[in-house]
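One letter stands for each residue in the lines below.
Number of protein chains: 2
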Amino acid sequence: MGEEKKAGISRRLLLTGAGAGGAGLAVGALAAAAFGGQLPEKQATDTIEFYGEHQAGITTEAQDRMHIVGFDVTTQDRGKLVALLRDWTAAIEQMAAGQPVGGADTGSYDAPPADTGEAEGLGAAHLTVTVGFGRSLFLDEHGKPRFGLQGKLPEALIELPHFSGDMVEEQRSGGDIVVQACANDPQVAVHAIRNLSRLGFGTVRVRFSQIGFGRTAKTTQAQQTPRNLFGFKDGTANILAEDADALAKHVWVGKDSTDQPWMAGGTYMVARRIRMQIETWDRSALREQENVVGRIKSTGAPLSGGEEFSEPDFAMAGSAGPIIPVDSHVAVLHPSAHNGVQMLRRGFNYTDGSDGLGRLDAGLFFIAFVIDARTHFVPLQKAMSANDAMNEYLRHTSSGLYAIPPGIQPGQYLGQQLFES
Amino acid sequence: MGEEKKAGISRRLLLTGAGAGGAGLAVGALAAAAFGGQLPEKQATDTIEFYGEHQAGITTEAQDRMHIVGFDVTTQDRGKLVALLRDWTAAIEQMAAGQPVGGADTGSYDAPPADTGEAEGLGAAHLTVTVGFGRSLFLDEHGKPRFGLQGKLPEALIELPHFSGDMVEEQRSGGDIVVQACANDPQVAVHAIRNLSRLGFGTVRVRFSQIGFGRTAKTTQAQQTPRNLFGFKDGTANILAEDADALAKHVWVGKDSTDQPWMAGGTYMVARRIRMQIETWDRSALREQENVVGRIKSTGAPLSGGEEFSEPDFAMAGSAGPIIPVDSHVAVLHPSAHNGVQMLRRGFNYTDGSDGLGRLDAGLFFIAFVIDARTHFVPLQKAMSANDAMNEYLRHTSSGLYAIPPGIQPGQYLGQQLFES
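Residue numbers (the numbering used here), protein chains in the order written: chain A, 1 to 421; chain B, 1 to 421.
Just so you know, the hints here were simulated from the structure itself, not pulled from any lab data.
Incorrect hints may have been included.
Which copy is meant is left open, because identical chains are indistinguishable; a pair holds if it fits in one copy or across any two.
[What the hints assert, rightly or not] Straight-line alpha carbon distances no greater than 20 Å define the calculated DMTMM-like cross-link-like pairs of lysine to aspartate or glutamate that follow:
(1) K144 with E155
(2) K382 with E61
(3) K297 with D110
(4) K297 with E120
(5) K144 with D77
(6) K152 with D372
(7) K255 with D313
(8) K297 with D105
(9) K297 with D256
(10) K297 with E392
(11) K80 with D259
(12) K152 with E93
(13) K297 with E93
Small disclaimer: the values here were computed from a predicted structure and weren't measured.
Produce the entire structure from the sequences given, and follow the hints as far as they go.
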């Protein structure tokens with residue numbers, strides 16, 4: 001063991017020698033030592049608070065990158081599931097603070113490291129991790145309760161219906177638990193999912209996994225409206241983080257708006273992988289593209305005029321009917337056509353290789369947070385699948401609805417409201 | 001047409017009204033107009049020079065994101081292929097300057113826009129696009145010359161052999177033409193590939209497409225060594241952009257080092273998609289991981305001591321043989337074991353969903369530029385596949401070798417040295 005141990009010892013000295021400055025400093029100092037003192041300055045200021053009334057990653061200003069995973073729970077043991085949620089909570093808290101999983105504990109040289117290591121030195125990069133539960137966590141395929149959760153299934157956690165034109169792939173859809181990791185560095189988001197997946201070994205297995213990039217909606221007043229892969233500004237009329245009234249009305253589940261008290265302060269996530277037929281789109285005329293969207297491509301203004309944030313005038317006459325076509329995306333989905341309902345959209349673009357037919361597999365990984373999918377998503381998606389001219393260019397390849405429990409305080413674990421209510 | 005035309009006109013006024021300031025200003029002014037005057041400041045300074053002795057994207061400081069595509073040429077018409085290379089050259093020049101494809105030409109309202117639009121406002125983000133040719137561009141499956149390229153196939157553009165343990169998928173490998181787009185914004189890289197793919201409609205088709213993130217090698221003196229998905233610093237001993245001697249010796253094809261004068265100033269790209277068995281890796285002890293790599297995980301120093309850039313001491317004794325195990329990655333691939341040959345590594349991490357067995361499909365998209373794969377890659381890969389302890393954790397799922405022609409001057413097109421020599 002002589003020399004080999006020496007290498008181990010010098011490593012250990014390096015890692016622990018800097019830890020004498022106190023627990024509060026230990027992690028940063030340790031990281032600084034591990035990286036030759038070149039600790040990135042951003043590490044201290046690039047964190048998003050993990051604890052709170054609501055989970056992070058919903059009204060958080062949308063980061064640039066996403067890794068979302070659906071897990072199936074493979075154990076029947078409620079205790080094991082709760083233990084995993086506790087482990088995940090601890091790990092998420094650490095990663096959201098820019099620390100490695102396991103924190104300052106460097107572990108044993110003869111054991112796997114507590115953290116996989118690839119995000120060391122990258123900071124927190126605004127990491128948020130958001131956890132939700134699918135309907136299948138509550139009921140098995142025979143409709144029998146799982147994990148002692150009888151009576152806990154919210155009425156709003158429906159099975160999403162099949163929509164006209166859906167080409168949903170089951171293995172990309174659903175799942176007992178969803179975990180959305182967002183960060184401004186993809187390696188940080190991937191690191192988070194990977195380490196949670198690793199903690200879940202023997203308890204959960206990955207059902208689907210999706211990487212996204214580029215926001216597809218404006219999420220705060222400060223954020224500029226991004227462009228989707230159709231080249232159009234997207235999410236111009238999104239609910240912004242600052243709009244407390246709209247959030248209360250359309251996003252956060254209140255004590256009085258649910259049959260399940262444990263969901264108060266939570267929300268529902270709709271996730272749909274929407275492949276864009278970009279080759280077809282790219283060969284369509286600018287006129288066609290703008291008529292499909294109902295907006296000017298360059299500015300994002302409605303076809304009825306004004307600028308990006310001008311209200312569309314659906315009554316303004318064009319040459320053959322309204323200047324904003326009735327089957328345009330903006331006309332079909334505008335709140336005025338749906339009793340004023342709005343979604344908090346927070347999706348990402350994706351590109352997943354090629355499809356074997358010489359085309360890129362690319363599109364939108366749609367994510368929206370709503371108070372109730374029955375009122376805030378299903379009617380809109382039905383209208384879209386029936387009437388929206390954009391359908392010609394879209395193919396929905398996955399579908400998922402998840403109950404996102406409320407946020408937690410230090411000492412609690414994610415989902416505690418459900419399991420201990 | 002009345003009101004509908006009005007929308008078209010106001011759009012057009014907006015776009016062209018600002019163009020009066022002269023051709024040199026037109027694009028920026030136009031973009032500023034299209035984005036309400038909020039042109040990102042970075043746009044002017046985030047470009048990488050497209051023209052030069054060598055193509056960009058080889059010694060360019062590695063960007064954070066990559067989209068690489070292999071195309072097959074579907075036409076038999078040499079003229080059509082050359083026309084595409086001319087179109088691509090013009091488009092790459094524009095995109096590398098942060099301009100849309102087609103430049104200031106906004107095109108007709110009744111035609112598809114020249115640019116797909118999703119990168120507007122994102123700047124150039126250090127975009128580089130690097131084009132190369134596979135062996136199959138020169139010879140068809142019966143060994144007959146294509147496109148009149150008889151006598152032009154470099155001896156060094158071999159068919160890469162099968163290496164022990166390879167699990168290469170043909171549809172991810174090879175291809176007549178490779179296009180590597182790198183940028184600091186994934187949407188910019190994806191936009192580049194998409195628009196080139198679109199220009200190639202009817203001439204080429206996508207064979208494979210791969211997204212990568214996070215560099216996997218230090219490429220300049222200024223750049224810190226990144227970490228791969230094993231959590232280790234990777235590419236510590238890489239050839240750096242500043243090392244002209246090493247580049248001349250190991251990367252750039254010289255007039256005297258090739259049978260094909262058109263390749264002078266070019267290089268060869270080896271591309272291999274290497275899936276990492278990260279679940280297995282993550283369950284192995286730190287001791288095992290460090291012995292496999294031959295380096296300390298935290299610092300990147302060789303197990304023989306020192307710091308990251310210390311030379312490994314392969315003679316230093318450990319408890320059972322050398323302290324740096326003879327089957328460690330660093331020992332098997334060190335230049336001292338291979339007549340001093342070095343590669344310019346420039347790969348990226350990838351995560352491509354899950355594998356249907358509950359595991360993440362993630363790893364390294366290995367890219368290396370070498371003067372000759374016969375001396376600078378094949379022997380190393382043979383040694384690795386035979387002796388490297390890391391193999392247990394790797395699965396090579398694609399393989400490609402491409403001749404990267406030299407850079408060009410304004411007025412030339414990419415590959416002109418080949419087609420007009």
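Results of checking the hints against the structure:
no.: 1; hint: K144 with E155; verdict: within (16 Å within a copy, 67 Å between copies)
no.: 2; hint: K382 with E61; verdict: neither (29 Å within a copy, 48 Å between copies)
no.: 3; hint: K297 with D110; verdict: between (58 Å within a copy, 14 Å between copies)
no.: 4; hint: K297 with E120; verdict: between (41 Å within a copy, 11 Å between copies)
no.: 5; hint: K144 with D77; verdict: within (15 Å within a copy, 64 Å between copies)
no.: 6; hint: K152 with D372; verdict: within (16 Å within a copy, 65 Å between copies)
no.: 7; hint: K255 with D313; verdict: neither (37 Å within a copy, 66 Å between copies)
no.: 8; hint: K297 with D105; verdict: between (52 Å within a copy, 15 Å between copies)
no.: 9; hint: K297 with D256; verdict: neither (42 Å within a copy, 52 Å between copies)
no.: 10; hint: K297 with E392; verdict: within (18 Å within a copy, 51 Å between copies)
no.: 11; hint: K80 with D259; verdict: neither (27 Å within a copy, 65 Å between copies)
no.: 12; hint: K152 with E93; verdict: neither (26 Å within a copy, 59 Å between copies)
no.: 13; hint: K297 with E93; verdict: neither (41 Å within a copy, 23 Å between copies)
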